[in-house]
Every structure is written in structure tokens, then in C-alpha cells.
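Heads up, the sequence shown is in the working numbering, so the first residue is 1 and it goes up one at a time.
Please keep in mind that the hints were generated in silico from the structure rather than gathered at the bench.
These numbers come from a predicted model, not from an experiment.
A few of these clues could be false.
[Stated by the list, open to error] Mimicking BS3-like on lysine-lysine, the simulated pairs with C-alpha atoms at most 25 Å apart in a straight line are:
id	residue 1	residue 2
1	Lys-52	Lys-40
2	Lys-37	Lys-124
3	Lys-124	Lys-35
4	Lys-56	Lys-40
5	Lys-56	Lys-35
6	Lys-79	Lys-113
7	Lys-35	Lys-86
8	Lys-52	Lys-118
9	Lys-31	Lys-52
10	Lys-113	Lys-52
11	Lys-52	Lys-35
12	Lys-37	Lys-118
13	Lys-37	Lys-86
14	Lys-31	Lys-86
15	Lys-79	Lys-118
16	Lys-31	Lys-82
17	Lys-56	Lys-31
18	Lys-56	Lys-37
19	Lys-31	Lys-118
20	Lys-123	Lys-113
21	Lys-37	Lys-123
22	Lys-123	Lys-35
23	Lys-109	Lys-123
24	Lys-109	Lys-35
25	Lys-109	Lys-40
26	Lys-123	Lys-31
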Amino acid sequence: MLLPRRRNEFDLFDEMFNDPFFTRGENKLMKTDIKEKGDKYLLEVDLPGYEKEDIKIEIDDGYLTVHASMNKNVDESDKNSKYVHKERYVGECSRSFYVGEEINEEDIKASFKNGTLKIELPKKDQKKIEDSKKYIDIE
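Input sequences plus hints: build the corresponding full structure.
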């Protein structure tokens, strides 16, 4: 059986809480860095194992959404196998970022290389944001 060798008797307790059952809340998909670079923002999204064709980017009501799906077909030889441990992800994931309603699809540039999606978008004009504020009178 493929199990890691324990160094001492207390490792079993530690390993139990490192099991995915206890750490499912931790999101390991679509890790994103956002950089400010001059007059634009640069988003770098990690999507290892995905193909460019599996990724869709849309903008709607000021929200930029990245959607990726990985639905690799199961081999016939895999159907008769029983997994002891599986870490590879198969399914769909998406992530949304509010970028403002002033930005449209023509303003956004995107590229995908070596498992990293790079999205470049302009900064919103701060004056426009301040002018669009509406205040409510307090009686």
C-alpha cells in the first residue's frame, strides 16, 4: 500500500488534520495577483493544466469574470481503476472582479502562456468616479 512512512507515533495525528477532508475550504484554484503598473492594472491568474480554449473572459455590469473548465475525458483503462489518492482537478471554476462600468471589452487585453492568464486593463478615471457619487440628504 502506498502510504507515507511515519517518523514517530504522533505523525498520524498531524497527518489526519492535513487530510483534504479537513482542508476543503482552502481554495487552490485561480490564485490571482493584481499589480498596479502606471496607468493600468495587471491581473495574473494561475490556471495550470488548462488550455487557452478552456478559458472564457467576460465583462458585464462592471464585473470582469474569468471562467475555466477542465473536463478531460476518462480513459477506458481508468474506468476499471480505483484511486487510492487523487489531487488533480476536473470541473469548472470562475472568479469575478469589479472593474467599474466605464471599462468595456475593447479596453481589456488578455494573454495565456505557461498556465498563467494575464489580463491588462486601464485604471478608471478618478474624476469620473467622484462625479458619479450621489449623496442622500438626511432629514
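Quick rundown of the hints versus the structure:
1. Lys-52 / Lys-40: Answer holds: Lys-52 to Lys-40 is near 23 Å, not above 25 Å.
2. Lys-37 / Lys-124: Between Lys-37 and Lys-124 the Cα gap is close to 13 Å, so the pair holds against 25 Å.
3. Lys-124 / Lys-35: OK: Lys-124 and Lys-35 at ~14 Å, within 25 Å.
4. Lys-56 / Lys-40: holds (21 Å)
5. Lys-56 / Lys-35: holds (21 Å)
6. Lys-79 / Lys-113: It is violated: about 32 Å lies between the C-alpha atoms, which goes past 25 Å.
7. Lys-35 / Lys-86: violated (34 Å)
8. Lys-52 / Lys-118: holds (12 Å)
9. Lys-31 / Lys-52: This hinted pair holds, its Cα atoms lying about 17 Å apart.
10. Lys-113 / Lys-52: holds (8 Å)
11. Lys-52 / Lys-35: This hinted pair holds, its Cα atoms lying about 22 Å apart.
12. Lys-37 / Lys-118: Roughly 13 Å between the alpha carbons, so the hint for Lys-37 and Lys-118 holds.
13. Lys-37 / Lys-86: violated (39 Å)
14. Lys-31 / Lys-86: holds (20 Å)
15. Lys-79 / Lys-118: Status violated; Cα separation ~36 Å.
16. Lys-31 / Lys-82: violated (30 Å)
17. Lys-56 / Lys-31: Satisfied, since the Cα-Cα distance of roughly 16 Å is no more than 25 Å.
18. Lys-56 / Lys-37: holds (24 Å)
19. Lys-31 / Lys-118: holds (12 Å)
20. Lys-123 / Lys-113: holds (24 Å)
21. Lys-37 / Lys-123: holds (9 Å)
22. Lys-123 / Lys-35: holds (11 Å)
23. Lys-109 / Lys-123: holds (13 Å)
24. Lys-109 / Lys-35: holds (15 Å)
25. Lys-109 / Lys-40: The hint holds at about 11 Å.
26. Lys-123 / Lys-31: holds (22 Å)
Checked against the numbered hints given earlier, this structure breaks hints 6, 7, 13, 15, 16; the rest are met.
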